[in-house]
Structures are given as structure tokens and as C-alpha cells.
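J.: Residue numbers (numbering that gives the first Met the number 0), protein chains in the order written: chain E, 0 to 297; chain V, 0 to 297; chain C, 0 to 297; chain Z, 0 to 297.
Simulated from the structure, these hints should not be mistaken for laboratory data.
If a hint is listed, it holds; no wrong ones were tucked in.
Because identical chains cannot be distinguished in the list, a pair is counted as satisfied if it fits within a single copy or across any two copies.
Quick list of in silico lysine-lysine cross-link-like pairs, DSBU-like style, CA-CA up to 30 Å:
id, residue 1, residue 2
1, Lys96, Lys2
2, Lys291, Lys183
3, Lys183, Lys289
4, Lys31, Lys2
5, Lys151, Lys3
6, Lys31, Lys283
7, Lys151, Lys2
8, Lys56, Lys96
9, Lys183, Lys96
10, Lys229, Lys181
11, Lys229, Lys31
12, Lys230, Lys181
13, Lys289, Lys181
14, Lys291, Lys111
15, Lys289, Lys111
16, Lys111, Lys151
There are 4 protein chains.
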Amino acid sequence: MEKKLTGVFAPISTPFTHDGQVDYEGLAKNVKRYAAAGLKGYLALGSNGENKSLSNKEKLLVLETIIQNKGADQTVMSGCIFESTAESIEMGLEMCKRGADFLTLLPPCYFKKQMTDDVLLRYFSDVADAVSVPCLVYNAPQYAGGVGLSPKLIRRCADHPNIVGVKDSSTGNMENILFAVKDKPGFTVVAGSVNNFFAAITMGGSGGVLSLANSFPEITVELFHLLEEKKYPEAIALNTRLLEINRAIGGAGGVAAVKAAMDMNGLVGGDPRLPLLPLTAEEKEALEAKLKGFGLFS
Amino acid sequence: MEKKLTGVFAPISTPFTHDGQVDYEGLAKNVKRYAAAGLKGYLALGSNGENKSLSNKEKLLVLETIIQNKGADQTVMSGCIFESTAESIEMGLEMCKRGADFLTLLPPCYFKKQMTDDVLLRYFSDVADAVSVPCLVYNAPQYAGGVGLSPKLIRRCADHPNIVGVKDSSTGNMENILFAVKDKPGFTVVAGSVNNFFAAITMGGSGGVLSLANSFPEITVELFHLLEEKKYPEAIALNTRLLEINRAIGGAGGVAAVKAAMDMNGLVGGDPRLPLLPLTAEEKEALEAKLKGFGLFS
Amino acid sequence: MEKKLTGVFAPISTPFTHDGQVDYEGLAKNVKRYAAAGLKGYLALGSNGENKSLSNKEKLLVLETIIQNKGADQTVMSGCIFESTAESIEMGLEMCKRGADFLTLLPPCYFKKQMTDDVLLRYFSDVADAVSVPCLVYNAPQYAGGVGLSPKLIRRCADHPNIVGVKDSSTGNMENILFAVKDKPGFTVVAGSVNNFFAAITMGGSGGVLSLANSFPEITVELFHLLEEKKYPEAIALNTRLLEINRAIGGAGGVAAVKAAMDMNGLVGGDPRLPLLPLTAEEKEALEAKLKGFGLFS
Amino acid sequence: MEKKLTGVFAPISTPFTHDGQVDYEGLAKNVKRYAAAGLKGYLALGSNGENKSLSNKEKLLVLETIIQNKGADQTVMSGCIFESTAESIEMGLEMCKRGADFLTLLPPCYFKKQMTDDVLLRYFSDVADAVSVPCLVYNAPQYAGGVGLSPKLIRRCADHPNIVGVKDSSTGNMENILFAVKDKPGFTVVAGSVNNFFAAITMGGSGGVLSLANSFPEITVELFHLLEEKKYPEAIALNTRLLEINRAIGGAGGVAAVKAAMDMNGLVGGDPRLPLLPLTAEEKEALEAKLKGFGLFS
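For reference, chain E alone in the conformation it holds in the complex:
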């Protein structure tokens, strides 16, 4: 199981055509390019995929497109992100049918005050019980209205036979999660960001779902190989570079900036869906200048 989660994943973005439809062809093109770049796989329908801006029907078509175009050895996690247990199960089952290898479960958060550890564990367990593929819980308070998963809760989740790992996109918590699940060697910890990828890989995690892989997949794969081969001086230097690139893109503005950087690097990026606004021409120019400064293209 862990082998399927070992390596770098793109939390793959969803391109749209000029009239605002999902650009399935563009998506397919991106997948092929990513497969060639050595990515281990994809998180479909995650935050970078603008999950919440897709209809349920579109979600399943996006997932299908990714699965049909991926490499034979590539792994697909599918973001199963709903506020209602019933909808999570219903849609999760559809995702299983389409061939997702794993489901990634973000906690519900609309009724934040009620989301105690017991309620969250029940939610994760209900979904994991009902679906036919293994699940990862997803710790990303920034996308869940401030509802985070404590190391203690993650450890409790690890006792469920069908919850096999955690994707952690929180800040400064990676090692505490790894320590909390040390006694569960089958439970996999995946970094959710370049910011905690180095820590994850060097302290027992298996891989990373890296937003940066959307626009610059090759260098993220390179970092993973350096870490795997324990070439630390080179890994540290490359990691530092990737953190700085990632900060430049993040600072320029979330998914819109990721997509702009994809366009700059020959991938199919395009504009995000409303309410997200695209970068302005000036913002794109500034970002391009920065990325050129990193020698990413000329």
C-alpha cells in the first residue's frame, strides 16, 4: 500500500476553456506531460483542482479523464470533500467505480463548533466503512474553516482498518504527526506541501502532494530522488530553491498563480473559475520575471 504512495503527486488543477467549461482535453494533455515527468500520481479533485467549483458530474468526468490518461503505474487519490456524510459516501462510491486508488477525506466544517474529535472520527469512519478503496484523512485547516486534525485524532483514525494514511498540509506539525503514528507502521504520512516535504521524507513519510508539481513537475521529482538516494547536500540546496519558487507563486495568489505558472511552463493552465479571479496582466508579468530569475525558463 505504502509503495503506491511513495513519490511525488500533483494536486492536479482543472483547466477551463474560455467559455468556462472544463477543458478535458487540456487536462489529458497535462496528465501525459506529468506522467512523462516521473510523477508518482495525482490527487484529483483537491483544492488546486478547484473541487468546490465543479459540479458533481464534472467531478466524476475529471476523475475519469485523469485515470484514462495516466501511466500504468501511477496512483490516483480522489478528493472526497463534502459536508454531509451521505453525500461523501454516495460520491465516494462513484469515485471508486471510476478507478480511484484512494479517497482523500477533508473534514466537514460548516458546523465548526460541533466538529469535535468524536464527531470527526465518526465521519471518517462512516465514509471509510462504506467505500471500497482505502482512505486518507486530509489535514488542511486553511481549507476547512480552521478545523484541523490533531496528532491525537490522526492516531485514532489510524486504528480504522480502512484509513491508511494522512495527507498533512498544515504548518509545522509534520513531525508531531509522524511521532503520533510511529507505532502504526502501515499508516502512511504524505506531505501536502513543499513546506513540509523535506521533513516528511527524512522522518518517515512516504511522499508529497505538491502544488508546485502542477507547474514544475520535473524539479519536484528530482528533489524526491535526491532524498531517496540520501544525497543530502544536493537535496538541501534544491529544497531551498523549491521553497523559494513556491513562495513566489503562493505570494502571487493561490490557484490563479499556479495556473499562470503552468501556462508559462507550457502546460494548460488558464483562468480559475469565479469567484477566484485570474492574475492581472501586471501580476502575471511580475510572476514571470520572478520565475525567470530562478532560471526555470528563459
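For chain E, the structure is supplied; the task is to place chains V, C and Z on it using the hints.
T.: Relative to the frame of chain E, chains V, C and Z by itself:
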């Protein structure tokens, strides 16, 4: 316009049958009881209505049920709460078709960091431009992942010809909102909670969407009348009592407690949908004892 | 006891001379003016008094100056705000010697993570045990690094024989505190701001420590009398006006704006001590224009 | 300058005797042990030193004791942590006289709302202008009521000729600070915790002020040497171990747990001053068992 928003509204809850289906008959019964109690109308599909636990199809059926069973003079606002502009417009148009008098718009929040005032104003304007009934913006950071609407942003919204009011469920902000829109006399301010209802009505607001009206509609209407008739000593005494009752229910646990109190008072409450858990038998007993202590039933 | 806390208090500001020394003469002048205006008394050494910018020696001289110049019936609370239990006791005893009627205790907050309810109760109890005048606990998370006092903790404090009340400057919590201590009729609740003064007085509180009383004492006293006499229509109108004035001053910038408004109204305001910066000339002009707009002076 | 900040520092704790006085002899003993362990120096009067629980007189005596007992090559930073600019300057000058090599400046935070970047820069500049030794700014929002220093503000501080570095104890921000000051090679970045020490040293920082050095100085020095010598596999293994030890102590309860661990390892720990409570006997036993489990002593 303001007249249609003058009075007490129930943010009406959605009852479910024992097998977890929407109980449309129970809902109809509740509406009739509320109409008889003197409520001015309903917020359909709000937080108390477990909006996020209903499919889009169910949402429209719930709205239809409310509209078909309401009194002739009653007003229906419909909660239009989606993360994507396109879905808000699509579903908002369906709600208009079903006869909603107003749409209530909660800000998107998944990409919280990107939700600047400019992005939010664009979102509200895009929806208000596209739909055929007037819109209220909805300030409830507790349900929007911490994304609140500042008095300044609300004032900017008030310049849009089809944004006619705000429902404010925030804490301690009511007067600042009223001051901010003082120069826009057509713009209506509605309290979103018993906690700011007294302040709203005495300082220029028009009405209130009161969770408490779900379980004890008569006393909320009574408070409104006392305020309308400027019977302040009686209003202050009743307001204090309602705040304490409201605190007892809120402290017992959100929507689940509202529904339990409805059951105790002869309305169709029932259990919430998962991930929300119902009150335990012990919690129900404790709540019942408290509510009896307030003399609400015997 | 409660009688001594019934009415309006100024959280009196500390004027400084042009060379940055405490202006004790100016302070004495202000006290006489306030006494004539009908204030019930003072909170010396509170937040508006720039407590943290005074040396311990200056603190005691400021307290002495206030006590020597106050009216015979006026009450003086003294802000006893330190991070260490020992220093709170040592300085609290000095304040008692100078004639303070009450001590007001803000919770320590430097080690916020350790400030559990048990630790805070122990702190308040240790100080209240050691000093010779009754104590009020002070709920103002905005000045205590986010450390607030829950209604439950306040209720526990009320069991201490020498903790006789609470000053609440939090937002939207007034009624919950009043409900929590309802069974302790000797325990006094004082509003810490115009924002919760109306609620306090109408629901069982005794008075208010109002920043606004620093610059415009007469109208705050007038509001209290209207409330005492249950002249509610007039009280509501005046309260609304005061809230708007208070917002104008607060929005212009904290203590610096309070002091600027004092200067405009013939009191001795002056500049705050660094790190606080005074208002710029432009900011003062804008504030003056607003306050003139409220008809406060011409 | 940077050389003096290269290595591991203890944010040295302040021992107290059973009757609550500062135990200067115990402090001297600890300093000698730390010097022998290879620590580069000390942060006197920091958070672990219970700065806020010492009188100003005690602060200076603590500083003197440390300076008189330190090794000839050891560096002493002195925590200059006050809410008022004047007191920071006055006490900062005293610290300079006693021989502090650097002052470490935490931002004021009582008037949090007023603490804009401009006000903070003015504060840091005023102090740095007035004192005779170089200053570091100290980014620790957890101890400053939530007032943090953004990378942008830190970069602005770096332009001041007498602000020569930053001590960063925030979470997940280390690389962003390093990137922000990359163009100021003389500006030194020091980690404030084991949590960001590895990142600091591998990406351009000079040293670390490590709470863990209070109880287990030798292993923190060992980690620094491994990093200096680029023995990364060993450094990663040891770093992981130290993070886990640090988590065990931190989880057991702040300064009280640090002191208990010091006692267990033959240093002079003792109890913290009130309001901090010592660990209970049970908590000490549990911590001791954990630390034995790490093989730190037998």
C-alpha cells in the same frame, strides 16, 4: 421592500424521517404552525436548515414545500450558499422560479486567503446581477470559515441595485453595520440571532431571523410586538428571558438541540443528518429540565 | 458594596507633559472636571491610563493624585495588572495603602498556553487573599493576549469571598456573564465599554467603565440616569448616539484618539507615550470634524 | 558579529529557592555546566527565564550572574521585553552596562490593535538607536499576544544599522524570513526552537536558542556540530530524536516541565514562580518515564 422583511423569521430547520429522508410532511406541518404563530416568514435553506446536508434537488423541494404551505403574507428568503459563482447563479435562478422572495448570500470561503473585499463584492454582484429577486448578503463568519463582512464591505454592497439588505449573525457588530448604511435608507438590516435582535430593532433594523423561532415561535413574535409598540420594560424583561433560553439551547448543541427543543414543544424536530449527531438521551433530559425551568412547557 | 459600583466610571487616561513626564497637575484638573460631571468614580491605571507605560513608582503617584482630587463620594478602582503573582500582591498592597476602593485584576497572559481556568483561578485567589480591599476580575481578551474569562470561570471566581465583581470589556458576552452569576446576587457586573453598557444596566449590571467618559463625561452620566429612571425611548436614542461617537473615536485610533478628543473638549489630553503614536494633524482634523458633526462642541 | 551568534544558546531558565527567591548560586552552577557542554552562549531573561516574573532589579542581577560565570568565548543576549519604549531604553542601557553582547527585543503587544508595522519599526528603531550594543528582533507571537513580525517587517528592520538579526520562534516561517533578508548578508537569523533549528542551519541561519539546551545541552551541541560538518544522515537522525524529546517536554507543560527535566538531568531546575504551577508528582513521573525511554538518563 422593507415591509416584507419586518418581523420575525424562522431559519427553518429541515426534519428527516427515521430512514434519513427529508420529511416534507413534517416540514409542512411546522410551516403551518409557524404561520399561525405570527411569524413574518422563513429563511429556507439556512444553517439551521442543514443546507449543506441537502442535495440540490432536495433543496428545491424543501423550498417548494415551504412556499406551498406558508401564509399568504409570509415572506420567504432562500439561502443561496455555494462556493462557486456559477452554481450560486444556477441554483439561485431555480430558487427564484420556485417563488423565493429574496436570496440570502453567504460568502464563499474555501479559498479564504483569496476572499478579499474586492473578490467578495464581485461575487455578490455577479449573483445579484443574474437573479430575478432582490438579494441579502449574509454575515456569519462562524459558518463561513471565518470570512466575515466588514461594515465597510456591507456599505459597498448596498450600492448594488439588487442587494437590498444584510442578515447579520456576527457578534457585537450590529450597530456598526447600522451606522455604516445609515445613508442608504432603503437598505435593510436584519438580525441573525436573538443576541443582536433587540439592538437591531431599537436602532433601525427591520426584523430578525431567530433560531429560537424554530422551537418557540410565539415568544419571539411577542418580543417583536413589544418592541414595535415601544413597551420597553416588558421588552427588556422578555428579551432577557429569550437570551437565556437561547443560551440553554445553544449550549446544549447547535442544530441537534434546536431540533430536540422543537420535539419538546410539539413541533416536528427529529435528528439532524450526519455528520451532526443527535443529542444523547441524557443531554435531552438535561435540556428538557432547563426549558421546563423557564416555564416553556410543563 | 454594589452601591459603590453603581454609575459611570472613567478609565482615566494619564496625561504627559511635552517632555514625556506624567502631568500630575493636568490629571488633577481632569479629576475635578469629572467629579463635577457626575461620574461615580475612576478606574485608575487601566488600559486607557497606559498602565504598561508607567513605572511602578509613577503608577502609585497617579493613583494618589486621583484619590486626593476626587469627590468625597467617588469610588476608585485601581488596575492591578502584572504577569507575576508576587508583583500583583506587592503592588496591590501599595494600592490599598493609597486608598483604592477596589483592585481590578487582568489575567496574566505571557504564558498563554499555561493559563488554564485552574491557573487563572489560583492567580485571582492568591491576589484576592493577600490584599485588603475587594477585587474585581477583568475580562478583556483584547488586552490580555487573547486570554479571556469564560462565564464559567467568572462564576467560579464569584465563590471567592474577596472577589466581588467582574468588569467585562469583551464583545457580546455580557448577558452570558450575567446569567452565570445570577445565583450570586452580591457579585457585581460592570460593563467595560459603551458597547455593552446598555445591556449591562438593563439586565442586572451595576455600572460601566466607559472610555468615552474620558472625553465626554456628561453624556455618559446622562445615559446612566435615563436608564436608571427607565426612560427607555430617550435612553435608546442617546445610547445609539454614544455608540456612534465611540465608534468614531475608536476608529480614529485607541488611546491616542481618546486623548485628542479630550483636548478638543477642554480636558487635558495630550500625546500618549511611545510606542503609541499620537494622531497626525490630519487625523485630528478628521476626528474633530466628525465630533463636531455629532454636535459635541462647535 | 555573526560568529558570535554561531552555535547553540540556552534561553536560560531562572532557578528559585524554596522560599521563592532567585537562586543565584544555582544559576551560576547551571552556567558552568552549560559552558562545559559547549554551548555558544545564553539568552538571559527570555521566556524560559520567566522574564515577566522577575523585578527589574532581579533581572539585572540575573544577567550579571550569567555574565560573571560564563566562559570567556560565550556570548550573552539579554531579553529586553517591555511594553514602553522608555522602559526598554532605560533597562536596555542597564543591560549594556552589565556586559550583554546583544539585546533581544520582543514587540510590545498590550495595545495589539495599534501595533502596525510602522509602530513596531519605530519601537525597534528607537530602542536600537539608544542602546550601545547590537539588537536582535524577536519573532514569537505565542509570547506577544499574537503580535508577530512578518518577513517584510523583518526585512525593514534589517535596514537599521543597529538591528543585526532576528530570533525566530514562530512556526513554519523560517525559510520565508531567510529569503526576505537574503540581500542583507550581515543580518543574522537565529532559530528560536528545535522545531526550526535544522531548517535554519541548513538554509543560511547561524544558530539556535533552544529551550532543550536548558535540560540536555550536550545533545543540542552535538546536533549543531553534525550540521556544521554536514554529516546529514546522523544530523537527521539526531534532529528527529531531539524533536521528539522536545515534544515530550513541551507537552508536559512549558517552563515547569523544562525545569523538572533539568532536575532529572542534574541541573538546578526547581519550581517556576506563580502564576505558573509546578508539575504535579504524577506529571513528573510520567515525564521522567518518557525521558528515560529516550535513553537520556537511567
